[in-house]
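*Asks:* Construct the complete structure from the given sequences, taking the supplied hints into account.
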Amino acid sequence: MKDLKNPVETEKQEWRKQKNQQRLKTGLTVFSPLFLLLIWQFLSQSGLIDARFFPPPTAIVSTFAQLLASGELFYHINSSLFRIVAGFLLGVIPGILIGLCMGLYAPVRHFLSPLIMALMPIPTLALLPIILIIFGIGEGSKVVTIAGSVFFPVVINTVAGVVSIDSIYLDVAKNYGASKKDFFLKIAFPGSLPVMLEGIQMGQAIALLTIVAAEMMGARSGIGYMIWTSYSAFLLKEMFVGLILISFFGYLFSLLLRGLQRKLLPWR
Amino acid sequence: MSRNTKIVIRDLTKVFYKKEQSITAIRNISLDIKEGEFVCIVGPSGCGKTTLLRILAGLEKQSSGGFRIEKSSMHRPNQSMVFQERGVLPWLTVRENVAFGLRMRHLPKEQIQERTNFFLSKVGLTKFAHMYPKELSGGMKQRVSIARAFANDPEILLMDEPFGALDEQNRHILQEELLSIWSETKKTVLFITHSIDEALYLSDRVLLMSAQPGQIVQELQIDLPRPRTLKDIRANPDMAEQFLAIWQHLQTEVQQSRS
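In order, the protein sequences belong to chains A and B.
Sequential numbering from 1 applies to the first sequence in UniProt numbering.
Sequential numbering from 1 applies to the second sequence in UniProt numbering.
Everything labelled a hint here was simulated from the structure, so no lab data went into it.
Among the hints, erroneous ones may be present.
A short, non-exhaustive set of chain A residues, derived as facing chain B with CB atoms under 8 Å [to be verified]:
#1 105
#2 165
#3 166
#4 169
#5 171
#6 172
#7 175
#8 178
#9 266
These numbers come from a predicted model, not from an experiment.
Glycine residues also receive a C-beta, built at the ideal position from the N, C-alpha and C atoms.
*Replies:* Pasting the structure below:
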């Protein structure tokens, strides 16, 4: 049998190997978007793809700088962000409250679930005409559209979260005489929080999808509006700036929510 | 030594009914437990011992019969339960878990603080007070559970196989700790186990249960002086006899349930 010299040395090498592999994986994650941009730049500049439809990333960046300097970009970002944040909160807060009630009280759950199941498949965007009639062309209609699409994943995940709480924790609360209010705040809310946050994460993604489409259809400002008007005027560089902004904000919100998740769930 | 009766159980019966089928989990259990007594219930699994405890804990309603827990003070809760493993709330820290019962009763802050600290140090968890249960071993989690129950200062303590999931060494350490806290607080304890050693080591009285329907078929007085050691039990010929008696009872019960 071949005798390896030093057991500690062997494990140290093994550990180094794993470290290197980890570094390689991180490197790949950072590299993949850059790689895509590089290919795009090359294809566009060499004329292999039509630069009128796919302007090279460097050109998009300089357009981005121009729009930023003129203040136009800031204006659109501002109105989109307001709508997203307001609509998000307007969807998430009732979603959590109604979800907790449904999870805790079976009669509420049985009364509301068919309604939610029936309403959920209707895309909020298909309701936009009705929403425009009720809430007008102003900010209200956009905020309500987003709230409507955020609400459903949040409420469904919150119910699932409450229902999934191990029954032994309910027994503990009952045995130690928890009041209705304490039961709500100390058991149902923290117990369902992990699954609820997954729903909020999903809602966030849907909010972005919805805002762009809603602004394309019925707005005079916002990133979606900018994408649509640029496209109509064949200003494709401007259009790409809008698309990249959406992707950037989606990524940013995901990171923020992950951070919030870590902060709110130290016990996981 | 005549002590007051603390728990009176009369003709307690629980039937589970489902789809035209009924199973009698426990039938006509009558029982008196004295103040400060440590009583173990031993029986084969599925004999309804947990059902009995859950009825006393207010988690299940009896089908007929009744029970009474004598009150010594208006401010004391009737009972607190130490659950099988997993009874510790994962989203609360060790300290918050121990304080849970007191917080649910909305006692003054200083009092909660003081009692929590006292029982944290009793079970040796002061250093771990800020940790979450996921960072604790199984034995430490059960210490949290025990501290939570004692801190609540109830009239009686109910324990549902609290050490069932622990390894032999840890189990014995926790048994010792439990006895030491118990001897200081003089609580009345009803303890469920299927370990004969555990029952002999801990209790003043052992009740044997039979399965389906769950009934108390025999009771054994354990008169060994306290504090006891495991060696006392192993060395004592009477205890060896008791052990065999219980063993034989369990054996026949298990065989009956198979045939």
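*Asks:* Please go over all the hints and tell whether each is borne out by the structure.
*Replies:* Status of each hint after checking the structure:
1. 105: violated, 19 Å
2. 165: Interface hint status for residue 165/A: violated (10 Å vs cutoff 8 Å).
3. 166: holds, 7 Å
4. 169: Hint on residue 169/A: holds, closest Cβ of chain B at ~6 Å, below 8 Å.
5. 171: holds, 5 Å
6. 172: holds, 6 Å
7. 175: holds, 5 Å
8. 178: Hint holds; residue 178/A Cβ to chain B Cβ min 5 Å, cut 8 Å.
9. 266: holds, 6 Å
The structure does not agree with the numbered hints 1, 2 stated previously, though it agrees with the rest.
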